[in-house]
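Sequences are here, hints too, so could you generate the full structure?
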Amino acid sequence: MPNSTADHNSSTGNKVAFNPSMTEITGATILLENVTKSYGAKKAAVNQLTLEIPAGKTVMFVGPSGCGKTTTLKMINRLIEPTSGRIVINGEDVTTMNGDELRRRIGYVIQAGGLLPHLTVGANVGLVPKMLKWDKQRIADRTDELLELVSLDPEIYRDRYPKELSGGQQQRVGVARALAADPPVLLMDEPFGAVDPITRQRLQEELIHVQAELHKTIVFVTHDFDEAVKLGDWIVIFNEGGKIEQYGTPEQILAHPANEFVEDFIGSGAGLKQLGLTRVRDVDIRQAPAFTVGEDAATAVAHMNEAGVLRAIVLDSRDRPIGWVTRRQLERMTTVGAAHARQFPVVSDSATLDDALDTMLVAGSSDAAVTGSRGAYQGIITVQTVIKAIDHISADPEEVSTPVGHNTGAIPKLATGENGVISYAMDEEETATEVENDSAPWAEHSDPAETHRGSERA
Amino acid sequence: MGSYLSDRWPQILSASWQHFSLVAQCLLLATVIAIFIAALCYRSKTLSGVANSVSAVGLTIPSFALLGLMIAPLGFGVAPAVVVLTFYCLLPILRNALVGLAGVDRSLIEAARGIGMSSMETFFKVELPMAWPVILAGMRVSAQMTMGVAAISAYVLGPGLGSFIFSGLSRLGGANSFESVVTAVVAVVVIALILDGLLLLLGRLTISRGIRA
Ligand SMILES: Nc1ncnc2c1ncn2[C@@H]1O[C@H](COP(=O)(O)OP(=O)(O)OP(=O)(O)O)[C@@H](O)[C@H]1O
Ligand SMILES: [Mg+2]
Numbered sequence: 001m002p003n004s005t006a007d008h009n010s011s012t013g014n015k016v017a018f019n020p021s022m023t024e025i026t027g028a029t030i031l032l033e034n035v036t037k038s039y040g041a042k043k044a045a046v047n048q049l050t051l052e053i054p055a056g057k058t059v060m061f062v063g064p065s066g067c068g069k070t071t072t073l074k075m076i077n078r079l080i081e082p083t084s085g086r087i088v089i090n091g092e093d094v095t096t097m098n099g100d101e102l103r104r105r106i107g108y109v110i111q112a113g114g115l116l117p118h119l120t121v122g123a124n125v126g127l128v129p130k131m132l133k134w135d136k137q138r139i140a141d142r143t144d145e146l147l148e149l150v151s152l153d154p155e156i157y158r159d160r161y162p163k164e165l166s167g168g169q170q171q172r173v174g175v176a177r178a179l180a181a182d183p184p185v186l187l188m189d190e191p192f193g194a195v196d197p198i199t200r201q202r203l204q205e206e207l208i209h210v211q212a213e214l215h216k217t218i219v220f221v222t223h224d225f226d227e228a229v230k231l232g233d234w235i236v237i238f239n240e241g242g243k244i245e246q247y248g249t250p251e252q253i254l255a256h257p258a259n260e261f262v263e264d265f266i267g268s269g270a271g272l273k274q275l276g277l278t279r280v281r282d283v284d285i286r287q288a289p290a291f292t293v294g295e296d297a298a299t300a301v302a303h304m305n306e307a308g309v310l311r312a313i314v315l316d317s318r319d320r321p322i323g324w325v326t327r328r329q330l331e332r333m334t335t336v337g338a339a340h341a342r343q344f345p346v347v348s349d350s351a352t353l354d355d356a357l358d359t360m361l362v363a364g365s366s367d368a369a370v371t372g373s374r375g376a377y378q379g380i381i382t383v384q385t386v387i388k389a390i391d392h393i394s395a396d397p398e399e400v401s402t403p404v405g406h407n408t409g410a411i412p413k414l415a416t417g418e419n420g421v422i423s424y425a426m427d428e429e430e431t432a433t434e435v436e437n438d439s440a441p442w443a444e445h446s447d448p449a450e451t452h453r454g455s456e457r458a
Numbered sequence: 459m460g461s462y463l464s465d466r467w468p469q470i471l472s473a474s475w476q477h478f479s480l481v482a483q484c485l486l487l488a489t490v491i492a493i494f495i496a497a498l499c500y501r502s503k504t505l506s507g508v509a510n511s512v513s514a515v516g517l518t519i520p521s522f523a524l525l526g527l528m529i530a531p532l533g534f535g536v537a538p539a540v541v542v543l544t545f546y547c548l549l550p551i552l553r554n555a556l557v558g559l560a561g562v563d564r565s566l567i568e569a570a571r572g573i574g575m576s577s578m579e580t581f582f583k584v585e586l587p588m589a590w591p592v593i594l595a596g597m598r599v600s601a602q603m604t605m606g607v608a609a610i611s612a613y614v615l616g617p618g619l620g621s622f623i624f625s626g627l628s629r630l631g632g633a634n635s636f637e638s639v640v641t642a643v644v645a646v647v648v649i650a651l652i653l654d655g656l657l658l659l660l661g662r663l664t665i666s667r668g669i670r671a
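From first to last, the protein sequence lines are chains A and B.
When we follow the numbering used here, the leftmost residue of the first sequence carries the number 1, and every step to the right adds one.
When we follow the numbering used here, the leftmost residue of the second sequence carries the number 459, and every step to the right adds one.
Calculated directly from the structure, the hints in this document are not laboratory data.
Being a predicted model, the structure only gives us computed values, none of them experimental.
Think of the CB as a built atom: it goes at the ideal place given N, C-alpha and C, for glycine as much as any other residue.
Be a bit skeptical, because a hint or two may be false.
[As the list claims (entries may be wrong)] Which residues of chain A face chain B? A partial, calculated answer using Cβ under 7 Å:
hint, residue
1, 79
2, 83
3, 100
4, 108
5, 110
6, 117
7, 128
8, 130
9, 154
10, 156
11, 157
12, 158
In structure tokens form, the structure reads like this:
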């Protein structure tokens, strides 16, 4: 059947990817080469920025208000035209191509979703495929698939209008719309800035799950350093004029802030912030008996006796936890039901320990159910597990080579690697010069190699 | 009155239809022109200001005078009536179109551009649909206003119910003169209500449920 979803994905991948030889990695490498944007005669909003964004990674832009985060982001899809410099995506210079065509190949999510209020949710999601002239059936299939991906039931939400959705749901639709044509790059400008903290936490976790499935290149602007730590593979800390103060992994930045500016920006409690680096899935998740609604209650009770437990988790037909029931309650049922189930906190396996602890404390519970992709039950986490994990947090980030990022005006050399994949590499010597110029990440440290190893142990 | 009506029923009906059709067509033409002008002006504060002033001044010109002035270049009949009616229709619609288009949330336009809509697509698929309820409100004002102007167009021998009024008034006191005027006035009111109802219906059909109040 030519219309099957699998066919769609592969053909979209080919059509939309910037480099057809890279169909496995859905993301694309982005390189900003010595990019400057000045509005009028004033000091440039972004000055001589060179920044490499690795394919398939999530790179977070943080920095004080007005430092040029949005300007930099919008120059990638040329909503803002750079005054000078080049933008290269997967080896292709996109600085001079048709801006509208470029933007159709790049997902874009803004605060509150930016949904068109006069179109239904389905029509909003299908906007880009429609512009790309997909046929109707394919657009409809893709729309449903994406709504499922962002945990919205297509049957319920497809024909609703944006005003009939909550803020968090609108934001999810915004993400679905950005992903519709399977773009290799996703640009997000403070997407979760307008929702309440609990919804924000859920949306962040969903984004982590989506990204684990799709491996896009995501550039994400945020005000919230904790959000950057939670979502980012890499974090760029900007100062006025788009000046890079530090470019590193969350671990590196927390363990070794490059300078005073970064330290101030991270703020106090950097130690506790490291709780934000460990995810629930990385710690010991305990198994607890769980039964699906409609299962035979007697069998369930037998299982519980065998395991010697008094409580069990009730799951809905899609494996999502509904609540606790006690063995007593089960003994009075013929089939497992959710009618008397007690609500209890639920955390996603991609939640940080920080968030998990928060959730349990707020709910006044010493444990919480852990859910994985699309809300499926995984096990339970307890407060004790979290406390044990604090002891084990390593202050010793792994050695990783940082992508290029500076404001010196030097342009990295293009290196064509195997199978035609273009990668960007700085010469050894050049890297060294950058550091002496006090402009590369780790500029505060005299020996970059040592910093990379991050070998000081607490 | 009864015999007057039954004797002239066919003429009354046909004049009413002409009246209705004249206003409706001028309204349509004016809407297209107004949207076109608004599209050219709304992005510039100066141009919007000029367009607004012109429409404010335009509404103060007495329709009777304007009709008379049109006789010289256009002669008598349908042509001057259409030009003058379209002119009056244009003004409220243009004002509302400017207000409606300027009121579209900037972040929506940016979202549309951000997902790759050209500025043309953004105008027709986002800005115009969003401004449409306001434009339609302008059309309703125009329709009501020009119903009366259309009656005056009988002065230049234009089509419609105006001829009943003019001929009635010119022989006031004569046989059936009063009936003639009253019939025409009532007919104008009735078709004004019908047109307004149709515009309301048009709104129901064309304004997205997502932006209806
Ligand atoms: N259209 C514009 N015209 C003139 N100056 C502008 C324009 N847009 C942005 N700027 C200036 O450019 C600088 C960078 O703005 P930008 O929007 O990129 O900041 P930001 O880092 O996204 O800030 P925030 O965190 O507040 O969103 C600011 O000093 C701003 O005043
Ligand atoms: Mg911003």
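A quick look at each hint next to the structure:
Proximity of residue 79 (chain A) to chain B holds as hinted, the smallest CB-CB distance being about 6 Å (cut-off 7 Å). The beta carbon of residue 83 (chain A) comes no nearer than 19 Å to any beta carbon in chain B, farther than 7 Å, and the hint placing it at the interface is violated. The beta carbon of residue 100 (chain A) is positioned within 7 Å of a beta carbon in chain B (closest approach about 5 Å), and the interface hint is therefore held. Because the closest C-beta pair between residue 108 (chain A) and chain B is about 4 Å apart, less than 7 Å, the hint holds.
Using the Cβ-Cβ criterion of 7 Å, the hint placing residue 110 (chain A) at the interface with chain B is satisfied: the shortest such distance is roughly 6 Å. A cut of 7 Å between beta carbons decides the hint on residue 117 (chain A): the least distance to chain B is about 5 Å, and the hint holds. Because the smallest distance between the Cβ of residue 128 (chain A) and any Cβ of chain B comes to about 5 Å, under 7 Å, the interface hint for this residue holds. For residue 130 (chain A), the suggested interface contact is broken, since its CB lies about 10 Å from the closest CB of chain B, more than 7 Å.
Given the 7 Å rule on beta carbons, the hint for residue 154 (chain A) is violated: about 18 Å separates it from the nearest Cβ of chain B. Interface hint at residue 156 (chain A): violated, since its Cβ lies 16 Å from the closest Cβ of chain B, which is beyond the 7 Å cut-off. Nearest Cβ of chain B to the Cβ of residue 157 (chain A): about 13 Å, over the 7 Å cut. The hint is violated. Of the supplied interface hints, the one on residue 158 (chain A) is violated, with its beta-carbon coming no nearer than about 13 Å to a beta-carbon of chain B, more than 7 Å.
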